[in-house]
Each structure stands twice: as C-alpha cells, then as structure tokens.
Amino acid sequence: MDGFLIGLWVVRLLFLGLLYLFLFQIVRALVRDLRAATQSATAELGRLHVLASPSGDPPVGVAFSLDAITSLGRDVNNSIVIDDAFASTEHAVLTFRGRDWYVEDLDSTNGTYVNGNRVEGVAALGYGDELQIGQVRLRLERARR
Amino acid sequence: MTASARSRPAPALPRILGQIRPRPRWLELRLLVLVAIVLVVGSASLGATVRGRPDAGADLFDPSVWLPLDVTALAIYLGALFAAHAAQVLAGRRTDQVLLPAVGMLGGISLLLMQRLPQDLVGSGFFGAEGLGQVQLVWLLLSVAVATTVGIVVRSDSWLRQYKYTWAAAGIALLLLTFVFGSDVGGQRLTLVIGPFSGQPSELLKVILVIFLAGYLSENRALLVEQDTRLGPIRLPPIPYLVPMAAMWAIALGIVVVQRDLGAALLFFGVFLLLLYAATARISLVIGGLIAFFLGSAVLATLFEHIGTRIAIWLDPFADPLGAGYQVVQSLHAFARGGLLGMGLGNGLPMIGGRVTIPEVHTDFPLAALGEELGLIGVLGVLGIYLVIIERGLRIGAAAADDFRSLLATGLALVVGIQAFIIAAGNLKVLPLTGVTLPFISYGGSSLLVNGLVIGLLLALSDKGVEPPPPPRKRRLDRILRRGAP
Numbered sequence: 001m002d003g004f005l006i007g008l009w010v011v012r013l014l015f016l017g018l019l020y021l022f023l024f025q026i027v028r029a030l031v032r033d034l035r036a037a038t039q040s041a042t043a044e045l046g047r048l049h050v051l052a053s054p055s056g057d058p059p060v061g062v063a064f065s066l067d068a069i070t071s072l073g074r075d076v077n078n079s080i081v082i083d084d085a086f087a088s089t090e091h092a093v094l095t096f097r098g099r100d101w102y103v104e105d106l107d108s109t110n111g112t113y114v115n116g117n118r119v120e121g122v123a124a125l126g127y128g129d130e131l132q133i134g135q136v137r138l139r140l141e142r143a144r145r
Numbered sequence: 001m002t003a004s005a006r007s008r009p010a011p012a013l014p015r016i017l018g019q020i021r022p023r024p025r026w027l028e029l030r031l032l033v034l035v036a037i038v039l040v041v042g043s044a045s046l047g048a049t050v051r052g053r054p055d056a057g058a059d060l061f062d063p064s065v066w067l068p069l070d071v072t073a074l075a076i077y078l079g080a081l082f083a084a085h086a087a088q089v090l091a092g093r094r095t096d097q098v099l100l101p102a103v104g105m106l107g108g109i110s111l112l113l114m115q116r117l118p119q120d121l122v123g124s125g126f127f128g129a130e131g132l133g134q135v136q137l138v139w140l141l142l143s144v145a146v147a148t149t150v151g152i153v154v155r156s157d158s159w160l161r162q163y164k165y166t167w168a169a170a171g172i173a174l175l176l177l178t179f180v181f182g183s184d185v186g187g188q189r190l191t192l193v194i195g196p197f198s199g200q201p202s203e204l205l206k207v208i209l210v211i212f213l214a215g216y217l218s219e220n221r222a223l224l225v226e227q228d229t230r231l232g233p234i235r236l237p238p239i240p241y242l243v244p245m246a247a248m249w250a251i252a253l254g255i256v257v258v259q260r261d262l263g264a265a266l267l268f269f270g271v272f273l274l275l276l277y278a279a280t281a282r283i284s285l286v287i288g289g290l291i292a293f294f295l296g297s298a299v300l301a302t303l304f305e306h307i308g309t310r311i312a313i314w315l316d317p318f319a320d321p322l323g324a325g326y327q328v329v330q331s332l333h334a335f336a337r338g339g340l341l342g343m344g345l346g347n348g349l350p351m352i353g354g355r356v357t358i359p360e361v362h363t364d365f366p367l368a369a370l371g372e373e374l375g376l377i378g379v380l381g382v383l384g385i386y387l388v389i390i391e392r393g394l395r396i397g398a399a400a401a402d403d404f405r406s407l408l409a410t411g412l413a414l415v416v417g418i419q420a421f422i423i424a425a426g427n428l429k430v431l432p433l434t435g436v437t438l439p440f441i442s443y444g445g446s447s448l449l450v451n452g453l454v455i456g457l458l459l460a461l462s463d464k465g466v467e468p469p470p471p472p473r474k475r476r477l478d479r480i481l482r483r484g485a486p
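Protein chains in written order, with the working numbering: chain R, 1 to 145; chain F, 1 to 486.
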C-alpha cells in the first residue's frame, strides 16, 4: 500500500469525522437551547380558568396565570380575589412544588372542594381538576407556551 | 398576577426599513464554517479518488491531486450559503440559526454526490449548466435563495391562515390537473408538463396540505377534543368533523389509484394523522386512521396490479433479481458493499459495463449511493441531520404563539422528516419502494424548491413576536352547525 492510498484513506475518515463534529456541534446548540427554554418557562406555571361565578367577580371565562404560590379569597390582598358571599377572606392557597399542584384550605367557613370532595388540610391537584371556592368553580389548566 | 385571558397585545408598529439593525448570528456562522470545512475535505477526497484512479502511483505530496473535483462549483455553493447568512444578518431577524447550516450540509453532500455520478443521467441543461452536477448546483442555489428570501420577507401569516380553503381548492385543482394532463413517467403519473416547464405537483401539494390542516385543526381543535359521538364503546369526534378526515382518506387512496404513487399517499396520510394527534392528543384517531389506510391499501393491492407488484418486490426482491426486483437488489448490494465506513467518495460502482448499477440512483436511490460510499457511519450521520431538522421544527412549533403557527411548524418539519424516512426505508427494503425524493439530496427542481420553501417558512415562523397572531376567529363550521340546529 503506497502513501497516496493511505493519505486518501485518512482524508475519507477525516470527512466522516468532521461530519460527526458538525452534528455534535449542532446537538450541543440544541441541548443548550432546550435547557434555556426549560429555565425561562417559569413565567407561567399553570392557569386557573373560571367556569362558574354567580357574582360575576371574577368573570366567567377568564383564565388567571399562576405563580408558585397563589392565594385565593374575598380579601383584596389575595392574588386572586373571589368576591363571593360564600368565600372566606383568606380562603385557600394554591402552591406548585416540584411538578405537582397542591391546594391548602385555610380553615375557611364553607370549605374548599376538589372535584366535589371537601379538602381536609392539603390536597393534590392535577391539570383538568375542578376547584370550588364558595360558589365559584375554577379549573386548573396547563400553562400556555 | 393579572387576568390575561382575552387581553390582546397591542398591534405591532409599522417597521421602517431603515430601522432594521443588523444582528449577528454567531452560531450560524460557526456551523457554516464547519459545513465549509467538511465539504472541502469531502470534495478533496472525491477529487483525489477520481484523479488517482488511472495511475495508482499518484504522488501523496502533489497538491494538485488533492484539489476538489470541481473547485468553482463548490466555491459558488459555499459562497451562496455565506451570502444567505449575510442577508439574514443584515435583515436582523431573530430566526433559527441551525436550519440553514443543517440544510446546507445536506445540499453540499448532494452536490458532491451528483458531481460524482455519471453526468449524462440528466438530459438537458439550462442557464449554461451542463450535466448532473451543474444542473443540481443551479437548483441548490435557487433553493437556498427561496429559503432565505421567504425567511427574511415573510413577517405575517394571515395570507396562509385566512385563505386556507382557497389553498385547499388550489391544491385539489393541482391534483386533478395532474390526474388529467399529467404524463406517465415510469408507471407513475406524477409529472405535469406546461410548455417548457415540468414539475411534480405532489411536492408542492404537501406544503398546501400542511397549511390547510394547520388552519382547519387550529380552528376546530376544541370541538374535536371535547365533543363525542359514542358508537358503542368507541368514542368518535362529532360526525360533521369526521367528514374532512374521511375526505383525506379518500384523497390519499385516490392518489394511490390514479397516480400510482404509494409514497405520496403514505406521506400525506402520515402527516395528516400526526397533525391530528398533535392537535387533539387522541391516539384512537391515529390508530383508527392507520387501520383504515392499511385496509384500504390492502384492498387496492389486490385490485390493482401495479400496487401488488410493488408489494411483491418489497416482500421478495430476489424472486426476480434481474427484472422487477433489480433496483432494490442493487440498492441492497450497494449498502452491503459500503459496510461500516464505506468505499470512499467516488469509489462506488455507479456504472458496470456502461450501465448504471442502480437505475434512477440520482432521484430515488441517493441514500443507497451514500451508503456505498460513506458506509453505515455516513448514512447515520445524514439521517442524524434530518433528525436535527425535525427537532428544530418541533421546537419552533412548541414555542409558537398560537395553535396555527404551532401546527404549521410541526407539520412542515414532519413533512420533510416523514418523506426522508419513507424513501430511506424504501431504499433499505423496510417499506415498499416508492417514488418520493430524499429531501435536499435527491436530484430534482420541484423537490429542492419546495423543500427550500418549507425551510423558509420554518425560519419565518421561528421569529417570535414580530407580529402577534390575530384574535381567534369564530369557527366557521361551528357557526353553520349551530344555525342548522333547532
């Protein structure tokens, strides 16, 4: 085998190696992009869609975007104000921990319900579940990306 | 924390051309430099193989041996890629930076392959271009130009969104035109010849299909998901919404029958089902659609001879290795000769005794040629680039502002990906062989231009927030139904 053929062999392998270097560079850029996307996605963790609200405040059809901690109640200092005669001033807290949602009842007079079941203390909540506070019904939905 | 449900973003301010600031695209530039290096090395290996062959004792240290095979063609192609990069930098849009290098790499590999295949596979040249390599170079340049222009110029999607039924009508008209006036090439009625121009409408049709489906599904998504018609234990969407799906199924099978094009039918129906799944997340629809398609195809395969032949070849090409199964057998041999690392660019066997070993190698079997010359490693690398393009499309779709853009980007990426998968599987005898092209690598003007258009649209869609999507329109079908209901 002469030098030329060996050289040719090396160049061919170099071509394939460089092709994979190119792919590697792209994949690294893609992974970086995905990582950035997961980190910047903290803007909105979930949405709370108002399904029924006899008093009209909050209005039906509105969707609130949720932070990690959301307080609900009749008091104006709550993050979501529920102006309903059957809601307590500080009624419940919705929290996002890890990958799951939890609702905690703050000893409200008329109770907090998840899919019709009264919450004792803290209850887990999934996307699509219905939360009832006073006469207001709200549905937890996935964050819009 | 505010109620953000129906709040509409303020309309975008009109842009004055002078205000556009150049925006550097370092990632794209870095990747393009890498593309250039890869292609120069590949071209050098091709050139050395071709020049070194007649006299085995070529000198290792003679620089003229290591020149690329066609220096001007390579320089023009790389120049076009960097020009496209410069144009996007000057335009200053924040579009995707990975798509152009990925497509540029595929196009460059295509250029090397076409330069290396027998040049007389293509009959007539144009624009002073002669032979396979040069004609392909012209199409590649036009394709890059289309992608860049669309990626820079398109800032609004309302022309796609609002006229989806018009687009669908145009697509069906195109299809019918091919049915009636198309000319048969190799048993398939795919080519439409109008005066001096000839093209394959099914290439353009796939883009129109994606636009229509994205528009239709984004408008009717909620209804498709929420309402049910119960048929015993099976949950189906409301009957009126099933009609378009049945129509799609009929059109796909119609393409099989009239155009004898199993590949396009598979591509259209596959994209349709995947978009349906992306929009509704109902796997039952996809499974039902697949079963309907395969049942329909099975019936057609028994009724029509040409489809049956294709399937027979697929099941056992070695039954008639010199006749019907010749292409597939030669393709398998080519992959086998390539082995792990391949025989090197320019070292395959495109001709035996003045005859091309794989007929239609430049359009239908470029992957087999690559498999022979670059081996398993090279083929996997090329398929990896397709995966990158799909990933970019899905990411653009996931980050899009609304359903229409999301589905459009997803569909455009999938249409390229599924097409590459179908023809790669056909070359490898995993699926019956069909006449679709390998995107960005196969020879052919329609294919390259349309895929350039796809990349251009993806680039335009990847720019966030130039113009907010319009507020959701009242669903037309819903309105009609409500009016009709008591």
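The reader is advised that the hints may include incorrect statements.
Here are some, though not all, of the chain R residues that point toward chain F, as calculated from beta-carbon distances under 10 Å [to be verified]:
(1) Phe4
(2) Tyr20
(3) Ala29
(4) Asp33
(5) Leu51
(6) Val76
(7) Asn77
(8) Val93
(9) Gly111
(10) Tyr113
(11) Val114
(12) Val119
(13) Val122
(14) Tyr127
Honestly, the hints are just simulated from the structure, not real lab data.
Cβ atoms here follow ideal geometry from the backbone N, Cα and C, with glycine treated the same way.
So, going through the hints one by one against the coordinates:
no.: 1; hint: Phe4; verdict: holds, 5 Å
no.: 2; hint: Tyr20; verdict: holds, 6 Å
no.: 3; hint: Ala29; verdict: holds, 6 Å
no.: 4; hint: Asp33; verdict: holds, 7 Å
no.: 5; hint: Leu51; verdict: violated, 13 Å
no.: 6; hint: Val76; verdict: violated, 13 Å
no.: 7; hint: Asn77; verdict: violated, 12 Å
no.: 8; hint: Val93; verdict: violated, 13 Å
no.: 9; hint: Gly111; verdict: violated, 24 Å
no.: 10; hint: Tyr113; verdict: violated, 22 Å
no.: 11; hint: Val114; verdict: violated, 21 Å
no.: 12; hint: Val119; verdict: violated, 22 Å
no.: 13; hint: Val122; verdict: violated, 21 Å
no.: 14; hint: Tyr127; verdict: violated, 12 Å
Hint compliance for this structure: hints 5, 6, 7, 8, 9, 10, 11, 12, 13 and 14 are not met, and every other hint is.
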